[in-house]
Amino acid sequence: LSGRVANLVPVDEIKKVTDAVTSYTQTVGIYPESLKKQLRDQLPIYGAQRLTSLGYACNVTSASPQDAIEPVRRMCKWIFEEECDPDQVFPLWRS
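Residues in the sequence shown are numbered consecutively from 11, following this note's numbering.
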């Protein structure tokens, strides 16, 4: 699973968010949290699997359906929504 790529796609309108999501999209960081609630039913149709708070894509819990070798992702479509509060989940960008 090397060679990961991060695409930062700023959009002017919420309706344009889906233009940047394909079947190769795994994780989408979203801010603010209220926007995530608006997009969580629409983004998986375009390919997104994991919706998380912006800045927390690397904070993966072991409770999610991930086997690290991809077969599960290819056999079924898990949709996983995370909400990360900086007061409860330590941000990786702070030392």
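There's no promise every hint is true.
[To be verified] Calculated pairs, DMTMM-like style, for lysine to aspartate or glutamate (alpha carbon to alpha carbon, straight line, at most 20 Å):
#1 K25 <-> D97
#2 K47 <-> E92
#3 K25 <-> D51
#4 K47 <-> D95
#5 K46 <-> D22
#6 K87 <-> D51
#7 K26 <-> D97
#8 K46 <-> D29
#9 K47 <-> E93
#10 K46 <-> E91
#11 K47 <-> D29
#12 K46 <-> D95
#13 K26 <-> E43
#14 K47 <-> E23
#15 K46 <-> E23
#16 K47 <-> E91
#17 K25 <-> E43
#18 K26 <-> D51
#19 K47 <-> D22
[Stated by the list, open to error] Now the in silico label distances, taken between C-beta atoms and shown as ranges:
#20 N17 <-> W88: 20 to 26 Å
#21 N17 <-> E43: 17 to 23 Å
#22 N17 <-> S44: 20 to 26 Å
#23 R84 <-> S44: 28 to 34 Å
#24 P96 <-> S33: 30 to 36 Å
#25 Y34 <-> L102: 21 to 27 Å
#26 K25 <-> I89: 32 to 38 Å
#27 P101 <-> Q36: 16 to 22 Å
#28 K47 <-> W103: 31 to 37 Å
Don't read these hints as lab results, they were simulated from the structure. Glycine included, C-beta positions come from ideal geometry on N, C-alpha and C.
Structure-based check of each hint:
Distance hint between K25 and D97 is unfulfilled; the C-alpha atoms sit about 31 Å from each other, more than 20 Å. Of the pairs offered as hints, the one joining K47 and E92 holds, with about 11 Å between alpha carbons and a cut-off of 20 Å not exceeded. Taking the CA atoms of K25 and D51, the gap is about 13 Å. The hint holds against a cut of 20 Å. At most 20 Å may separate the alpha-carbon atoms for a hinted pair to count; K47 and D95 meet this at roughly 15 Å.
Using a Cα cut-off of 20 Å, the hinted pair K46 and D22 holds, with the two alpha carbons roughly 16 Å apart. Distance restraint check for K87 and D51: the Cα-Cα separation of roughly 13 Å lies within the 20 Å cut-off, and the hinted pair is therefore satisfied. With a CA separation close to 31 Å, the supplied pair K26 and D97 exceeds the 20 Å bound. Pair hint K46 plus D29 holds up; C-alpha atoms about 16 Å apart against a cutoff of 20 Å.
Proposed proximity of K47 and E93 is supported: the alpha carbons are some 10 Å apart, at most 20 Å. Taking the CA atoms of K46 and E91, the gap is about 9 Å. The hint holds against a cut of 20 Å. A C-alpha spacing of about 18 Å is found between K47 and D29, which places the hinted pair at or below 20 Å, so the restraint holds. Pair hint K46 plus D95 holds up; C-alpha atoms about 14 Å apart against a cutoff of 20 Å.
With a C-alpha separation of about 18 Å, the suggested pair K26 and E43 falls inside the 20 Å cut-off, and the hint holds. Between K47 and E23 the alpha-carbon distance is near 16 Å, which keeps this suggested pair within the 20 Å criterion. At most 20 Å may separate the alpha-carbon atoms for a hinted pair to count; K46 and E23 meet this at roughly 14 Å. This hinted pair checks out: K47 and E91 have alpha carbons roughly 9 Å apart, not beyond 20 Å.
A hinted pair counts as satisfied when its Cα atoms are at most 20 Å apart, and K25 with E43 qualifies at roughly 17 Å. Taken as a hint, the K26 and D51 pair is honoured in the structure, with Cα atoms around 15 Å apart against an allowance of 20 Å. For the given pair, K47 sits about 18 Å from D22 by alpha-carbon distance, which is consistent with the 20 Å threshold. Range check, N17 to W88: Cβ separation about 21 Å, and the 20 to 26 Å hint holds.
Distance hint for N17 and E43: a CB-CB separation of about 21 Å, consistent with the stated range 17 to 23 Å. One distance hint, 20 to 26 Å for the beta-carbon pair N17 and S44, holds here, with the actual separation near 23 Å. A C-beta distance of roughly 32 Å is found between R84 and S44, which places it inside the suggested range of 28 to 34 Å. Distance hint for P96 and S33: a CB-CB separation of about 31 Å, consistent with the stated range 30 to 36 Å.
Remark: the range hint 21 to 27 Å for Y34 to L102 is upheld by a beta-carbon distance near 24 Å. Distance hint check for K25 and I89: the Cβ-Cβ separation is about 20 Å, which falls outside the suggested range of 32 to 38 Å. Range check, P101 to Q36: about 21 Å between beta-carbon atoms, so the 16 to 22 Å window is met. Between K47 and W103 the Cβ separation comes to about 24 Å, which falls outside the hinted range of 31 to 37 Å.
Hint compliance for this structure: hints 1, 7, 26 and 28 are broken, all remaining hints hold.
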